[in-house]
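Starting from the structure of chain A, add chain B where the hints point.
Read top to bottom, the protein sequences are chains A and B. Residue numbering for the first sequence follows our numbering, starting at 9 and increasing by one per position. Residue numbering for the second sequence follows our numbering, starting at 9 and increasing by one per position.
Possibly wrong hints are sitting among the right ones.
Stated by the list, open to error - Partner residues are not named here, just some residues of chain B that face chain A (Cβ under 10 angstroms, in silico):
(1) SER106
(2) SER117
(3) ARG118
(4) PHE121
(5) TYR139
(6) ALA257
(7) LEU272
(8) TRP273
(9) LEU279
(10) THR281
(11) HIS290
Stated by the list, open to error - Away from chain B, derived, C-beta distances all over 12 angstroms, residues of chain A:
(12) GLU44
(13) LEU64
(14) LYS70
(15) GLY214
(16) ASN222
(17) VAL223
(18) LYS310
Hints are computed from structural coordinates only; laboratory data are not their basis. Only a predicted model underlies this, so the values are computations on that prediction, with no experimental measurement involved. We put the CB at the ideal spot given by N, CA and C, even for glycine.
2 protein chains.
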Amino acid sequence: MTKKIIYSDRSFRQEFIDEINRLAPEYTFKTKLEAEDLPQVEISIGWNSMYQQELLASNHLKWVQAISAGVDYLPLAQFSKKGILVSNASGIHVESISEHVMGIILGYSRGLFQAQRAQIEQTWLGSSVHYQAVENKKLLIIGTGHIGKMLAKKATVFGIECYGINTTGHPVDGFKKTYSIDQLKNVLPTADIVVNILPLTEQTNGLFNQDVFNVFASHALFINVGRGASVKTEDLIKALQQEKLAFAALDVFEEEPLSKESPLWGMENVLVTSHIAGQTSHFQKKLMAIFLNNLKTYVAEKELSMNEIDLSEGY
Amino acid sequence: MTKKIIYSDRSFRQEFIDEINRLAPEYTFKTKLEAEDLPQVEISIGWNSMYQQELLASNHLKWVQAISAGVDYLPLAQFSKKGILVSNASGIHVESISEHVMGIILGYSRGLFQAQRAQIEQTWLGSSVHYQAVENKKLLIIGTGHIGKMLAKKATVFGIECYGINTTGHPVDGFKKTYSIDQLKNVLPTADIVVNILPLTEQTNGLFNQDVFNVFASHALFINVGRGASVKTEDLIKALQQEKLAFAALDVFEEEPLSKESPLWGMENVLVTSHIAGQTSHFQKKLMAIFLNNLKTYVAEKELSMNEIDLSEGY
Chain A
9 MTKKIIYSDR
19 SFRQEFIDEI
29 NRLAPEYTFK
39 TKLEAEDLPQ
49 VEISIGWNSM
59 YQQELLASNH
69 LKWVQAISAG
79 VDYLPLAQFS
89 KKGILVSNAS
99 GIHVESISEH
109 VMGIILGYSR
119 GLFQAQRAQI
129 EQTWLGSSVH
139 YQAVENKKLL
149 IIGTGHIGKM
159 LAKKATVFGI
169 ECYGINTTGH
179 PVDGFKKTYS
189 IDQLKNVLPT
199 ADIVVNILPL
209 TEQTNGLFNQ
219 DVFNVFASHA
229 LFINVGRGAS
239 VKTEDLIKAL
249 QQEKLAFAAL
259 DVFEEEPLSK
269 ESPLWGMENV
279 LVTSHIAGQT
289 SHFQKKLMAI
299 FLNNLKTYVA
309 EKELSMNEID
319 LSEGY
Chain B
9 MTKKIIYSDR
19 SFRQEFIDEI
29 NRLAPEYTFK
39 TKLEAEDLPQ
49 VEISIGWNSM
59 YQQELLASNH
69 LKWVQAISAG
79 VDYLPLAQFS
89 KKGILVSNAS
99 GIHVESISEH
109 VMGIILGYSR
119 GLFQAQRAQI
129 EQTWLGSSVH
139 YQAVENKKLL
149 IIGTGHIGKM
159 LAKKATVFGI
169 ECYGINTTGH
179 PVDGFKKTYS
189 IDQLKNVLPT
199 ADIVVNILPL
209 TEQTNGLFNQ
219 DVFNVFASHA
229 LFINVGRGAS
239 VKTEDLIKAL
249 QQEKLAFAAL
259 DVFEEEPLSK
269 ESPLWGMENV
279 LVTSHIAGQT
289 SHFQKKLMAI
299 FLNNLKTYVA
309 EKELSMNEID
319 LSEGY
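Pulled out of the complex, with its shape left as it was, chain A reads as follows (with noise of 0.2 angstroms):
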């Protein structure tokens, strides 16, 4: 009997492989697909959209683990139709991100990009750095998850005081307040720091546009570790032109690699980064510890125990 398969197309330390072994005796872990493999794939960890046509098509896919928080480059739609499970790696990215986000945050705070620029114009810039303490600051965390409270908690150590942004207003630990998406505009003026953490859905797409960039108090610091479609990236343009804002450091974009034509790269109000925030050195030993468990129950009842996503709302 032809054994189902556990399809991944990056590899993991044996010692996971060992435990998927155990835990799904049944099933055969298969990091390349031959043409005769692709019917028996129940579960696919990532996606390859290479494949995709011929896993939707087998009707024998029954679950993705996804390795990344946000899942909209996923056919959910399909996934939806077929009753496939999805599950994501919400929570691998957190330490990484926070720290990500802090170390921006830390860095304008202290001119150490302005810094950085002036020293390989071999200049010598003395008091005139741009500083300002960070105590008191006030941050605006639109998405308040795993991320963005991990992120509160950091912040919250440098006297910065938090604020959150999510879909219904409800409180969370860590913040001083948090509102609704809907009070976007109202809350953002009195922001020093703006962080985009929300995953890609239709109300975040192109959510931060010039409307939204005009109510930016001139002297904030805007961060998108979230989703590059969340921004119109023209009109951020725009905004840091006309210094509706005083610096975007953006680690995700519309287009990915960031077109070498784009004007970004040249301006020195921005911190372009290659989508790096997430990548964690702990990468396979977090996905494993969501897999894993969601792999027991998933044997035992063909059920997800952590990080499933619900497909109605996309994340």
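What follows is chain B alone, placed relative to chain A:
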């Protein structure tokens, strides 16, 4: 009768001058001195070396309130001989320096400085960024005073393990373990991050030389926010070239401003900042908290109540 003078070469907000006048009505506060004022100066806030000879000759100078934590640039031996009291500004740079150092630790670990260099060259680094988790990294803080303690507190929130070095190795709250300065070379090899916050004394002058850099871990990050003369610049440059350590973030230098000819400007494994780590937005308020406290006891009993320097130790 000529009033005694409190001299400062920088001005302060009226509220502070009012408070000085209230506490010390027999004194005049001046920010500019005429020749005939010099013999009347009894208290100096900051130290203007232009007047050094006259102020020391007059025998009226009794107290110098430094505006920095380090006081190595003051003529301490002469102050000592004449019984002139010295107080420093230790404490006022606690927030700014600890924020600066955390900005460097996180910025380096998350690849932000590498990313900014790539941005300037319009290069999308993708996943070739060197990042690493800071969790469980070993941070060796050389100098366990106000600043060291605050830094340890903040670093601990990120899961960083903090070790300290001070003169005698006495234990300090917030540090996993402390060592005496004699043990420096034994402890250095185990440190992932090394931060120098020591004042400049005979013992710390040239402390970081070739022998010391030779025992650094090759992946180590070195941060100097103490004094420039504690590091032998030539030895550091060689050590970086020979990859005895991975990266140096330097805020202070043997010669300031850093010479146009210094190789440090062009090194990609160096971040040069222009003696900015201690800059604080709340300078006046914080310095006056120390000065006014001392002024009260000085007026009453010619004694200082805080931040007095032991002139035999030099800090």
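Evaluated hints:
1. SER106: The hint holds - SER106(B) has a Cβ within 10 angstroms of chain A, the shortest such distance being about 9 angstroms.
2. SER117: 7 angstroms, holds
3. ARG118: 5 angstroms, holds
4. PHE121: Result: holds, 6 angstroms to nearest chain A Cβ.
5. TYR139: 5 angstroms, holds
6. ALA257: 9 angstroms, holds
7. LEU272: Given a least distance of 8 angstroms, the restraint on LEU272(B) holds.
8. TRP273: 5 angstroms, holds
9. LEU279: Holds - the Cβ of LEU279(B) comes within 10 angstroms of chain A, reaching about 6 angstroms at its closest.
10. THR281: Holds - the Cβ of THR281(B) comes within 10 angstroms of chain A, reaching about 4 angstroms at its closest.
11. HIS290: 6 angstroms, holds
12. GLU44: Fine: 32 angstroms to the nearest Cβ keeps GLU44(A) off the interface.
13. LEU64: 28 angstroms, holds
14. LYS70: 30 angstroms, holds
15. GLY214: 23 angstroms, holds
16. ASN222: Holds, because the least Cβ-Cβ distance between ASN222(A) and chain B comes to about 26 angstroms, which exceeds 12 angstroms.
17. VAL223: Label holds. Min Cβ-Cβ 25 angstroms, cutoff 12 angstroms.
18. LYS310: Holds: least Cβ distance 35 angstroms, greater than 12 angstroms.
Going through the hint list in order, the structure satisfies each hint without exception.
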